[in-house]
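So the sequence lines, in the order shown, correspond to chains A and B.
Counted from 1, the first sequence has number 306 at position 306 by this note's numbering; the numbering is strictly sequential.
Counted from 1, the second sequence has number 362 at position 362 by this note's numbering; the numbering is strictly sequential.
Hint data in this document are derived by calculation from the structure and do not stem from the laboratory.
Built from N, CA and C at the ideal position, the CB exists for glycine as well.
Any given hint could turn out to be false.
The calculated lysine to aspartate or glutamate pairs, modelled on DMTMM-like cross-linking and capped at a C-alpha distance of 20 Å, are [said to hold, decoys possible]: (1) B:K231 x A:D408; (2) B:K231 x B:E279; (3) A:K160 x A:D43; (4) A:K69 x A:D38; (5) A:K69 x A:D90; (6) A:K98 x B:E349; (7) B:K94 x A:D408; (8) B:K94 x A:D396; (9) A:K98 x B:E379; (10) A:K69 x A:E122; (11) B:K278 x A:E413; (12) A:K231 x B:D42; (13) A:K74 x A:D58; (14) A:K428 x A:D102; (15) A:K160 x A:D71; (16) A:K74 x A:D53; (17) A:K278 x B:D396; (18) A:K94 x B:E267; (19) A:K98 x B:E413; (20) A:K98 x B:D396; (21) A:K94 x B:D396; (22) B:K98 x A:D38; (23) A:K94 x B:D408; (24) B:K98 x A:E267; (25) B:K98 x A:E349; (26) A:K278 x A:E267; (27) B:K94 x A:E267; (28) B:K98 x A:E122; (29) B:K98 x A:D396; (30) B:K231 x B:D408; (31) A:K98 x B:D345.
Where chain A lies over chain B, by a calculated footprint (3+ residues, C-beta under 8 Å) [claimed, not checked]: (32) 101-115; (33) 365-378.
Sample of chain B residues lacking proximity to chain A, with all beta carbon distances greater than 10 Å (derived) [claimed, not checked]: (34) N27; (35) T184; (36) D321; (37) G409.
Protein chains: 2
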Amino acid sequence: MDNVQQAAANAKRDSFYLAALGAEVRNRALGRIISALDAARDDIVSANTQDLDAARADGLPEPIVKRLKFDGGKIDDVTAGIRELIALPDPVGKRLAKRQLDEGLILEQVTCPIGVVGVIFESRPDALVQIASLCLKSGNCAVLKGGSEARLTNRILYEKIHAAGTESGLPDGFLTLIESREETAALLGCHESIDLIIPRGSNAFVRYIMDNSEIPVMGHADGVCHVYVDKGADIAMAVPVIRDSKVQYAAACNAVETVLVHADVAEALLPPLGRELKEREVVIRGTERVAEIIAGVDAATSDDWTAEYLDFIVSVKVVDDMAEAIDHINTYGSHHTDCIVTEDDEAAETFMQLVDSAGVYRNCSTRFADGFRYGLGAEVGISTGKLHARGPVGLDGLTTYKYRLYGDGQIVEDYAEGRRAFHFIDIK
Amino acid sequence: MDNVQQAAANAKRDSFYLAALGAEVRNRALGRIISALDAARDDIVSANTQDLDAARADGLPEPIVKRLKFDGGKIDDVTAGIRELIALPDPVGKRLAKRQLDEGLILEQVTCPIGVVGVIFESRPDALVQIASLCLKSGNCAVLKGGSEARLTNRILYEKIHAAGTESGLPDGFLTLIESREETAALLGCHESIDLIIPRGSNAFVRYIMDNSEIPVMGHADGVCHVYVDKGADIAMAVPVIRDSKVQYAAACNAVETVLVHADVAEALLPPLGRELKEREVVIRGTERVAEIIAGVDAATSDDWTAEYLDFIVSVKVVDDMAEAIDHINTYGSHHTDCIVTEDDEAAETFMQLVDSAGVYRNCSTRFADGFRYGLGAEVGISTGKLHARGPVGLDGLTTYKYRLYGDGQIVEDYAEGRRAFHFIDIK
Numbered sequence: 001m002d003n004v005q006q007a008a009a010n011a012k013r014d015s016f017y018l019a020a021l022g023a024e025v026r027n028r029a030l031g032r033i034i035s036a037l038d039a040a041r042d043d044i045v046s047a048n049t050q051d052l053d054a055a056r057a058d059g060l061p062e063p064i065v066k067r068l069k070f071d072g073g074k075i076d077d078v079t080a081g082i083r084e085l086i087a088l089p090d091p092v093g094k095r096l097a098k099r100q101l102d103e104g105l106i107l108e109q110v111t112c113p114i115g116v117v118g119v120i121f122e123s124r125p126d127a128l129v130q131i132a133s134l135c136l137k138s139g140n141c142a143v144l145k146g147g148s149e150a151r152l153t154n155r156i157l158y159e160k161i162h163a164a165g166t167e168s169g170l171p172d173g174f175l176t177l178i179e180s181r182e183e184t185a186a187l188l189g190c191h192e193s194i195d196l197i198i199p200r201g202s203n204a205f206v207r208y209i210m211d212n213s214e215i216p217v218m219g220h221a222d223g224v225c226h227v228y229v230d231k232g233a234d235i236a237m238a239v240p241v242i243r244d245s246k247v248q249y250a251a252a253c254n255a256v257e258t259v260l261v262h263a264d265v266a267e268a269l270l271p272p273l274g275r276e277l278k279e280r281e282v283v284i285r286g287t288e289r290v291a292e293i294i295a296g297v298d299a300a301t302s303d304d305w306t307a308e309y310l311d312f313i314v315s316v317k318v319v320d321d322m323a324e325a326i327d328h329i330n331t332y333g334s335h336h337t338d339c340i341v342t343e344d345d346e347a348a349e350t351f352m353q354l355v356d357s358a359g360v361y362r363n364c365s366t367r368f369a370d371g372f373r374y375g376l377g378a379e380v381g382i383s384t385g386k387l388h389a390r391g392p393v394g395l396d397g398l399t400t401y402k403y404r405l406y407g408d409g410q411i412v413e414d415y416a417e418g419r420r421a422f423h424f425i426d427i428k
Numbered sequence: 001m002d003n004v005q006q007a008a009a010n011a012k013r014d015s016f017y018l019a020a021l022g023a024e025v026r027n028r029a030l031g032r033i034i035s036a037l038d039a040a041r042d043d044i045v046s047a048n049t050q051d052l053d054a055a056r057a058d059g060l061p062e063p064i065v066k067r068l069k070f071d072g073g074k075i076d077d078v079t080a081g082i083r084e085l086i087a088l089p090d091p092v093g094k095r096l097a098k099r100q101l102d103e104g105l106i107l108e109q110v111t112c113p114i115g116v117v118g119v120i121f122e123s124r125p126d127a128l129v130q131i132a133s134l135c136l137k138s139g140n141c142a143v144l145k146g147g148s149e150a151r152l153t154n155r156i157l158y159e160k161i162h163a164a165g166t167e168s169g170l171p172d173g174f175l176t177l178i179e180s181r182e183e184t185a186a187l188l189g190c191h192e193s194i195d196l197i198i199p200r201g202s203n204a205f206v207r208y209i210m211d212n213s214e215i216p217v218m219g220h221a222d223g224v225c226h227v228y229v230d231k232g233a234d235i236a237m238a239v240p241v242i243r244d245s246k247v248q249y250a251a252a253c254n255a256v257e258t259v260l261v262h263a264d265v266a267e268a269l270l271p272p273l274g275r276e277l278k279e280r281e282v283v284i285r286g287t288e289r290v291a292e293i294i295a296g297v298d299a300a301t302s303d304d305w306t307a308e309y310l311d312f313i314v315s316v317k318v319v320d321d322m323a324e325a326i327d328h329i330n331t332y333g334s335h336h337t338d339c340i341v342t343e344d345d346e347a348a349e350t351f352m353q354l355v356d357s358a359g360v361y362r363n364c365s366t367r368f369a370d371g372f373r374y375g376l377g378a379e380v381g382i383s384t385g386k387l388h389a390r391g392p393v394g395l396d397g398l399t400t401y402k403y404r405l406y407g408d409g410q411i412v413e414d415y416a417e418g419r420r421a422f423h424f425i426d427i428k
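In isolation and in its complexed conformation, chain A is listed as follows (with noise of 0.2 Å):
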């Protein structure tokens, strides 16, 4: 426990010096940690390998086994992402906003570096490698925590990314692996030293960290999505952005969960959308009046229409309006990305206004919400919160503000008391 808290406290105070660190500096290190994971493939896949056999001897399912393995064509995966976020501009130091106050009382507002982010992470060691780049790139110092399962991986990847790092001029403490449960716990009490913690992994797992820690989380933790297909809608159009939502890749955060259609279109919409969804093999689970229209519909419950399925299986309703698309949407979904499909302005810009989500669509597929798609370049995550960061989640999104203020000796006094007056220009 000591041990998590001291190393907490050491990249708190390196974090000063390293969100100092001009980004010539925080690029340089980034190209040699390219270089030193490239010089240490077969160490590294020889460590995968060892992690993958332990696996696979501890009969974890296959899928998690999957999702372990780090050969080299993930090495060159990780570092053609490096390189992508060195030519990425630097997301600290930008001027927000410059005013004069009065005379000879300027002040500025720029982004800084939040300061050390905790990321503690399920299987994929790609993870480390993603996140301790994009933290370095964003000035800040990071604590890492992977799976157990991949330990032997994750090891490696953070001694070279470390040594590179420090021979690089970064602080001792940009970089911090702990490995144990343990540990973990001891790291969500370290409130003092860790500014924000990034959970990457399943709903259970966010959840708890958001129930066993006082430090700020940013994440999802539910991503039920909604498309909406309005009395206005074209039909071919509307079959298709409903597949891709589904089966482009289920077990996505961004997938569509339920379709809402409107009753004067579930004549239409319905026998087709029922033919591409088997041809497809998703499960419908729908309500009595989506039954009476198609065949082969399981019979959905309230426990429906919360749940992130993550599968071949959609959820659909007949509403008989909009206004109960929007209700339904705003009670049951998870403030993620929710779709309307027309060709009605009207309805489509209620629609994007009423709906509480990080994203609002019109007729377009929901799997479009990533940073990556977005041009954010590279993506922290996707916040379903709406303070800070929401939605998909870029650099800036590991980055703060100050306020700097440049005086010769002004005092409040004189302002108070009307010797002075404020006059405020803004400064482009």
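Following the hints, put chain B in place on chain A, whose structure we already have.
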């Protein structure tokens, strides 16, 4: 309890509709609130007189009774504040980004209200009017809980504002008043309905709220601000800056609590500073090195470094170099506002980089840390957290954003399988 949950749920439901109302409706309602408060002057003052009588009868301390007072002058102040608020630009519906992801696929990032804001404040009834109008201007529903000693004043203010708002077309749930301590506890549990809690009051009060709710809290717990007098300081400038930072309004969170003095200038600074502070009846708690230079110094203990005196007391410490000062501030400070007095540009830059506070100042009073003085217009509060808003928070701190994505049938499969490609063109 049920009542509060129901009221919060109603506010949530109405928040979607309030968010969709245009600025002209919100501003018109604010205008009508001004008229309503003006027209109810006598009734408001009479309710306040009853609260004041009860407070005196209950033997409440005079400073609390004083803050409770809400007379004609205060009514003028709050209505003038609303008039200024009406004149401010709309914080809702600002387009933060617009990007063409591909032909016909347009992403917009647009500001919107957070939703439902719970505000819990202590004795001053002005806070009710101020917070209600800030929330309305930014399109948020507000659930307010005031101090019980201001019960009658708060109730009539609430009734007048609520009636004026609903008569202007706002939904009923735009403003809710809760009155009992039990209802406050219930409110803290309404994380399904309340998006943000803003506590306004003492440290202990803010900490209590933070420790007893899952709802995100925006506020500051402490204001332990520093002035560091560097070896390169202009001593004649340092003395009035410190005096103003301490005595201009000692009870404010942005008042200085600790002065750090570089050893090289201690002999030059401390005698004139000591005289100036003595003249203003400020008690000095100093280290031994301070007491060696000037007389009449109480001995500082380690508790002094974290104390928020909010009074005519200041702690003073001699440091050997700037690194020691920065380390002291980052260790014991509250990350609120800290100032360096120096003529040395390089030292100033290093200090402002390494000090991890919402405000980092050079050569001016810490008392400038305030939304009005920063030119933000109305102030929601000052945040010492690093996520969402930091430092003095204006109306923007009461907004979040949505991503709107407009397509004409685009699906992700086409991009994943190489039939189409993103091209990311930012649109001004």
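Find the hints from earlier in the document that the structure breaks and name them by number, from lowest to highest.
2, 5, 7, 12, 13, 17, 18, 19, 22, 23, 24, 27, 28, 30, 37
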